[in-house]
Every structure is written in C-alpha cells, then in structure tokens.
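Please model the entire structure based on the sequences and the hints provided.
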Amino acid sequence: MMACAEIRPRLAWYVDRELTGAEALELEAHLTECADCRRAYDELRETVDAVRGARPLYEVPEGSYANVLGMVAGWERRRRQRRWVVASSAAALLMAVVLAGVSTGRSGYEEFAAQTHRSYERGAFPLDIASRQPQLVSNWLEPRVPFHLTLPNYPEGGPKRYALAGARLMQYRGQNVAFVAYEMDRKPISLLISSSSRITPSGGESYRSGELTFYFSAEQGLRVIAWTDRGLTYAQVSDLDVKGAESCAICHGAEGERRKFEGLGKRM
Amino acid sequence: MRCSSVQGDFLPSFAECVLACHASLYRYARSLCGEPREAEELLQETYKRALEAKRKPAAADANEIRPWIFTIMRHVWQNERRRISRSQETLFDDGVGLIPSVNAELAMSRKLLVSEVRAAVDSLPLPWREIIVMRDMEDLSYAQIAAALDCPIGTVMSRLARAREALRQLLTPPVPGVRR
Numbered sequence: 439m440m441a442c443a444e445i446r447p448r449l450a451w452y453v454d455r456e457l458t459g460a461e462a463l464e465l466e467a468h469l470t471e472c473a474d475c476r477r478a479y480d481e482l483r484e485t486v487d488a489v490r491g492a493r494p495l496y497e498v499p500e501g502s503y504a505n506v507l508g509m510v511a512g513w514e515r516r517r518r519q520r521r522w523v524v525a526s527s528a529a530a531l532l533m534a535v536v537l538a539g540v541s542t543g544r545s546g547y548e549e550f551a552a553q554t555h556r557s558y559e560r561g562a563f564p565l566d567i568a569s570r571q572p573q574l575v576s577n578w579l580e581p582r583v584p585f586h587l588t589l590p591n592y593p594e595g596g597p598k599r600y601a602l603a604g605a606r607l608m609q610y611r612g613q614n615v616a617f618v619a620y621e622m623d624r625k626p627i628s629l630l631i632s633s634s635s636r637i638t639p640s641g642g643e644s645y646r647s648g649e650l651t652f653y654f655s656a657e658q659g660l661r662v663i664a665w666t667d668r669g670l671t672y673a674q675v676s677d678l679d680v681k682g683a684e685s686c687a688i689c690h691g692a693e694g695e696r697r698k699f700e701g702l703g704k705r706m
Numbered sequence: 714m715r716c717s718s719v720q721g722d723f724l725p726s727f728a729e730c731v732l733a734c735h736a737s738l739y740r741y742a743r744s745l746c747g748e749p750r751e752a753e754e755l756l757q758e759t760y761k762r763a764l765e766a767k768r769k770p771a772a773a774d775a776n777e778i779r780p781w782i783f784t785i786m787r788h789v790w791q792n793e794r795r796r797i798s799r800s801q802e803t804l805f806d807d808g809v810g811l812i813p814s815v816n817a818e819l820a821m822s823r824k825l826l827v828s829e830v831r832a833a834v835d836s837l838p839l840p841w842r843e844i845i846v847m848r849d850m851e852d853l854s855y856a857q858i859a860a861a862l863d864c865p866i867g868t869v870m871s872r873l874a875r876a877r878e879a880l881r882q883l884l885t886p887p888v889p890g891v892r893r
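Read top to bottom, the protein sequences are chains H and B.
Position 240 of the first sequence, counting from 1, maps to 678 under my numbering, and the rest follow consecutively.
Position 23 of the second sequence, counting from 1, maps to 736 under my numbering, and the rest follow consecutively.
Calculated from the structure, these hints are not laboratory results.
Glycine is no exception: its CB is placed at the ideal position from the N, C-alpha and C atoms.
Incorrect hints may have been included.
Said to hold, decoys possible - Across the chosen pairs, the derived CB separations fall in these ranges:
id	chain 1	residue 1	chain 2	residue 2	range
1	H	Gln573	B	Ile866	36 to 42 Å
2	B	Arg796	H	Gly659	44 to 50 Å
3	H	Asp474	B	Glu748	40 to 46 Å
4	H	Gly459	B	Glu748	42 to 48 Å
Claimed, not checked - Per the computed footprint, the stretches of chain H lying under chain B, defined by three or more beta-carbons under 8 Å from a beta-carbon of chain B, are:
id	segment
5	495-503
6	558-567
Encoded structure:
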C-alpha cells in the first residue's frame, strides 16, 4: 500500500481527473483504509465542489459575444477577399449569413444550435453543470436564464431511452440561452432553449401538430427540430436516424404523450 | 479534430474554435481585471491580437487553442499593466500574504452562494485566482494551464494546492475559541 506521504499530493490529481487507471484504484483503496487521508480528501473535495458549484463565477454580459463575432467575421471576410477563394468552412459561411443578415427564411437559431451541438460533441466546451437529475439542472439554470424553465422527466416512471447529461449557459444574440445535453445510445442529443420573445424558429419544412408548429431542417449533417411552446423556443439537435414523430417519441414515448405527435408528418 | 478537410465530415475552423473560447476568455478576463468594462476591452484586444497573429495553432481544436489564446490574453493584460504602471500588486509572485476573511458566517455545511464564492476567489492573490479560474471554472488540464502560463506543471500543481487551501480557509467558518 502507498504511504500517506505519497498519497497526499495525489489527492488533487485525483480530484482533477489527472490520475487514472491503477494509480487511481490504488488511491481509492488507500482512502477506504486511512481515515486521515480520507479526511484530507473530503476537505479538498468539499472546497473544489463549492467552487465548481458556483460556475459560471462571472456572467458574460449581453452583447459581448456579438462584438467578438463581428470581429471574427470581419477577419474571416477579409481573409477570403484577400485569397479570392470562397471560404470552405461551414462556420465561416454561418457567420457570413448571420452578420450580413441575409434573408434566407431561417432565423439562424437552428444553425447556432447545430454549431453548438457540434462543438459540444467535439469537446470544445465543458458543461457548466453535469447531472442526470432534471431538478438539479433546472435549479442551476433558473437564476441564470431570463425565463422560467423546469426540465421535465419524460417519460415519468419506467425506463428511459435517453439520459440527461447536464447543461451550459450560452449566449445567442445577446441573450442567455440554455444548452441542455442528453445522451442516447452513446450519442449526444442537445436542446437549445431560449425565450421566444425575440427568437422564433422559421427554417426548414414546417409541420403542424395540434397547436404547435415544428420546423425540421438539416444543418451540418445534423437533424434539427425547432418549435415554440408556452413562451420558449426550442431547437433539438441530434444525428439520430429517426424521422418526424419518432424524434418526439424518444422523450415523449408514453402512450398519452405519443398521441400529441400523431399528426406529425402532414406537411403544411 | 483538425483543420484539414475530410470528406463528409464537418470540422471546425480556426474562427469557430476561437469563438468557442469566448465565454471562457471573458471569465478569465474578469478574473484578471475585476471590472466588467475592463474585461470586455481586454477580451476584444485579445481577439484582435489572436486574429492578427502570424503564427496560429495548426490544429483547429478549441481545446488546443484555449491555452494559446489564454496566453495572448495574459500577455496583453501584463503589457497594459506595465504601460500604465498602476499596479500595486505583485503580479506573479507566489508569496502568500494575509488573506482577508470574506465572511465569518460562511459555512461549508450549507450551500454557498455564488456571490460568496466569488468574493473568496476575488480576494485571492492574482496567481492563485487565475489558476482557480483556469482549473475549476474553465476545466483546463494541468498541461494546458502550464502552457497558458508558460511554467512547469509542478508549479501549476503547487500553486493550485495553495490556492485551494486558501479558499478552504476563506470558505470555512472559524470554530469559536480556536485560532486558525
């Protein structure tokens, strides 16, 4: 067994996920037997959890992202002009569309949702809160977004095909929006949620189901479904091979829930 | 995740990767500057320098770009501090001064408010504050922090340990009759 003197500096590595494999197992074994090291670990864990639980420590002000986006898009545009080539990256195209205000019939929200999904998928940013409990994630988001949000727990009771992973606060057009990450079959599904006061979906093909209108589109090889309901605008993004009502049935799979979406598939 | 093109797969560009760093960078700027307006100015100057940089990271990976752009921000901030010569703080001295108590009523046994943790983090000396922000707020690895600060990983670990110990003291209420 490792001595306490060897264990102590490793506690932080363990908390910071810098210790893996056999070393991590050895440390865990030591902690189950050594009360002093366990106490030191608990103290460290408590401090780190308190600090990480306060994320984000500083709120990003409205307009900050738009300012930076303008700079980056301007740089991208000048670069393209200099080289006399059309920029090939989807991100450059997206920024040009957003900044030029091109009237494509899209709101831009779906593109942003897809771009954010891709970035998350590639590990470009961590979640602010990682939890499988909708209530915990809702409580974390509540004071940070300018709308009331309670993440549901569909379907209530019984096994779920998907699992909540957590959430991150994002900025879209100067507004705080909620990026909520789920996982199904080891693939990410994301839901971008904003207030519908200034953001409404409008891209792709629209389908009506009851009082709701769903907009289906493909962005960057991803399926995006956007809709507005009770003051909130949603964009669900995934690369799951499902269509129409099947997408909704992932979460709303219960019999009663499923009826809501049976009309889907009828194009407007 | 590289900048090169692969048929049938969407890969992030340099522009997308630097944009993905925006929120992280802003928060780092706040930890350096303290004031929102100064943080925003620092953020914009950092992006300006990053976009104008002749040597950019080859890989378009936000995880690889983050230490690089954090380093730019740190240099911009240091240069500005030197220029206006108004620093009263020993910028990167690891020496521990007296850390003021944030609030004697704080208790770890209850949920700490964001404002309380922020007050504690803000009261740390800068070298500790920035390392807490990089590690515990922005999830940079030890290697990424070392790259951003241009120092050995051992320095990162020792500085982080001291910062956390200081935070633990700040966030733990004193036991009556016992001197810390």
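Hints, one by one, checked against the model:
Separated by about 39 Å at the C-beta atoms, H/Gln573 and B/Ile866 satisfy the suggested range of 36 to 42 Å. Our hint of 44 to 50 Å for B/Arg796 and H/Gly659 holds, since their Cβ atoms are close to 47 Å apart. With their beta carbons about 43 Å apart, H/Asp474 and B/Glu748 fall inside the hinted range of 40 to 46 Å. Distance hint for H/Gly459 and B/Glu748: a CB-CB separation of about 44 Å, consistent with the stated range 42 to 48 Å.
Counting residues of the segment 495-503 of chain H whose CB lies closer than 8 Å to any CB of chain B gives 6, which reaches the minimum of 3, so the coverage claim holds. Only residues whose beta carbon comes within less than 8 Å of a beta carbon in chain B count, and the segment 558-567 of chain H has 5; three or more means the coverage holds.
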